[in-house]
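2 protein chains.
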Amino acid sequence: MSKKKKIYKPRPISGFPEWLPETRRVEQAWFDHIRKTFESYGFCNIETPSVEELDAINAKGGDGGADVDKEVYVIERLHKEDGDKEARLALHFDQTVPLARYTAQHFNDLVFPFKRYQIQRVWRGERPQAGRFREFYQCDIDVINVDSLPLHFDAEMPAIMWEILSSLPGMENEKIQIRISNRKILMGYIESLGIEDITQVTRWIDKLDKMSSADIEKELLKIGLEQTQINQILILSLIKAKSSEELIERTSPITSESKLMKEGIEELSFVMDQLAHLPEGAVVADLSIVRGLDYYTGTVYETVFTDDPNYGSICSGGRYDDLAGNYINKHLPGVGISLGFSRLFDRIRTKENLPNLGISPAKFLIIAENEDQIKDATQTAHTLRQAGHSVETWHRAENKLKRPLAYAEKKGIRYIWLLPNDVRKTHEIKDMVERTQEPTTIEEWTKK
Amino acid sequence: MSKKKKIYKPRPISGFPEWLPETRRVEQAWFDHIRKTFESYGFCNIETPSVEELDAINAKGGDGGADVDKEVYVIERLHKEDGDKEARLALHFDQTVPLARYTAQHFNDLVFPFKRYQIQRVWRGERPQAGRFREFYQCDIDVINVDSLPLHFDAEMPAIMWEILSSLPGMENEKIQIRISNRKILMGYIESLGIEDITQVTRWIDKLDKMSSADIEKELLKIGLEQTQINQILILSLIKAKSSEELIERTSPITSESKLMKEGIEELSFVMDQLAHLPEGAVVADLSIVRGLDYYTGTVYETVFTDDPNYGSICSGGRYDDLAGNYINKHLPGVGISLGFSRLFDRIRTKENLPNLGISPAKFLIIAENEDQIKDATQTAHTLRQAGHSVETWHRAENKLKRPLAYAEKKGIRYIWLLPNDVRKTHEIKDMVERTQEPTTIEEWTKK
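Here the protein sequences line up with chains A and B, keeping their order.
Residue numbering for the first sequence is 11 to 458, as defined by my numbering.
Residue numbering for the second sequence is 11 to 458, as defined by my numbering.
For the record, the hints were derived by calculation from the structure and aren't laboratory data.
Be aware that a few hints might be false.
Copies of the same chain are indistinguishable here, so a pair counts whether it falls within one copy or spans any two.
To be verified - Okay, derived cross-link-like pairs now, SDA-like style, lysine to any residue, Cα gap no bigger than 25 Å in a straight line: (1) 440 to 358; (2) 19 to 121; (3) 410 to 161; (4) 373 to 39; (5) 373 to 42; (6) 457 to 286; (7) 220 to 32; (8) 46 to 169; (9) 440 to 17; (10) 410 to 280; (11) 217 to 411.
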């Protein structure tokens, strides 16, 4: 330490979160829980590379549509040799474009319906701002089938996400709600009113949770809609229903010739019926839900904190009639939902609601009090590990317990294991939580 | 499907591997096994962002030294606004540089000895070639302490990796060996011979497993060593020993005044002693092991397939006297070892030795044979899931079993669950492996 070194003082990189071990431990518990739930419904896992060819991304709009283009990160070798003719690569900004590309590329090797989950980082080069990440995790489930896909899956998606969201540790006091619609309803209705540019209208309806109806009315007048049309559209859009019965009751006064709208109401009713077992308020039909993306063609989902809807949707998705049409000449309908993991986790973290799981995964810290005990310590650790326990051995013989105890305390290791010696005739265990010290045997912890 | 679409046919990206679901399932099992083993020794997990500031990477040579520089990938927003003054970011090419930066940055919040494992993707823009990946997983464990770090950990690292490598499913027939040295031995000895540029010499000794001694002799003559010096160095370097006793016996005829060399032999003996419980041949002291990296200062490891040493090391590491010295004005010695996961996994995959775990994580496929049974199917699935089983419900009522059976067969779902109906008075289970069909009860699968 005598010579003067040049120090490069590291600093956090805005938008690229990094946790301390104790926080990462909870994050792992969340991922484990999510994975277990996805798998309990028979979803298999895939991972795709972090990059896609830029041309493949451009072939597909993906989540966020035109806006995302600006946010794409390209990667490049720092020292390219001249004459490199490699395709340009970009970090993926969602898991839907990679899924579409994957399904097309491996079409002949997949079993349909293809039910997959994917938990990976995605990247978006947004301007840095609070609560916005440039690198973050998404947890996606999607089902894709050839030619047609049963509506059963449209109901399974939000049911799985509800199960997860209502049971993640730290979410106990959060009130969340999944809002579901079917785009056929609003689009069929608008079309039946003789309006040609449907997307122009739905873009404003989509903002009903953030803007007042009066302001949206003004915008719709500006793009040339008549007042009657606007009134009719707003009446439909503002319908919310807790059950299929309520949905049918509230939509029945609205007369329309649209077959598409009728189909949408039937589909949404079916989905609501399938979700009837969830607690009241968990799921609501909300006809203002559009989701900005062009490729959704039926069911759409979003999920909000009911006491803070402005936080935005933490779990969204929907059905697309033809997912991979840009990559393969097959008709592949799909339905999927994506949990914005990092935003949700960071919210609970910021509210200091994450559980304390300690730093170390170890349950036991075994201490050799002299050199002669080291072999016994190693053997005891080995036996306990074989029985599935997580065990640290203190890294040197130490006859004063002060330092190892302080270490166990700080790392959250519950039990200190002391080996037999001349005075102590049996193994003993010190419980750091109960503040007890009692004789024990290895068998006690290894018997089935 | 009538209108003609423009198709962008996707293709694999060289160096960025992607697996089918059945292969990914084994990869997950490997990761689970590795994580469980790391945690059973009390290592906590961290993840760092995929990127580091380019300046932070340049401050530290890291794994691979000068060569790596060329392989660094930088990332950039596709459409940067003018005037962006953000720091340049690069994808990390190992987990050692991020660990050093992390430890310095969070120094005050960490508990030492800091034992962490890290399982993440890293990126290297190498020229594409067989068996070389540009995006791949590494599994690292490191221990870092303040001021001094007990030698105990130098032995723990290879013991943990041996436990993993000898028990990963698919590795049953692989013969692997961990080769250990201590750089103090060779460096102290070379220094005591009056040679100034030690690194020039060790660079060639490091190639003893790939080149003949005769060729290395020629190279050492070229850089100005005398024949006697070369003979002496080669005699030492070619020493291999299965135990500390053998190591001491074989090095004792070599006389040297070097205190550093003596220290190295003592340290290596201690480590070999601590590993004496491993099967014969699992670990060998091999004084030719140098590892190319400047920052190793003591123990060094590499791991080879004994029947194919040219495949190169799949698990390497060592001790560094001062890990994070470029980032913080503290003395932080560490020892670590890194498993080249993707290269190992791909080798076993290519040899077709991976176990077949099926595609789906589901154990049961429940079939409703008519609409009336759908509620029963959902409820049965729910109850089985609550008991920890993974269950798919077939996505529609289906009175012919042909399609669901074919699906279960292809996806590797073992049990088909049939619900009671007018004819069948109890639940029944069809075992796709045993080819049996027998009555069952929900209780049978849910009791503890």
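Tested hints:
no. : hint       : verdict
1   : 440 to 358 : neither (33 Å within a copy, 44 Å between copies)
2   : 19 to 121  : between (51 Å within a copy, 20 Å between copies)
3   : 410 to 161 : between (66 Å within a copy, 20 Å between copies)
4   : 373 to 39  : both (16 Å within a copy, 23 Å between copies)
5   : 373 to 42  : both (19 Å within a copy, 19 Å between copies)
6   : 457 to 286 : neither (44 Å within a copy, 28 Å between copies)
7   : 220 to 32  : neither (36 Å within a copy, 44 Å between copies)
8   : 46 to 169  : within (15 Å within a copy, 30 Å between copies)
9   : 440 to 17  : neither (43 Å within a copy, 67 Å between copies)
10  : 410 to 280 : between (68 Å within a copy, 23 Å between copies)
11  : 217 to 411 : neither (62 Å within a copy, 47 Å between copies)
This entry does not satisfy hints 1, 6, 7, 9, 11, going by the numbered hints stated previously.
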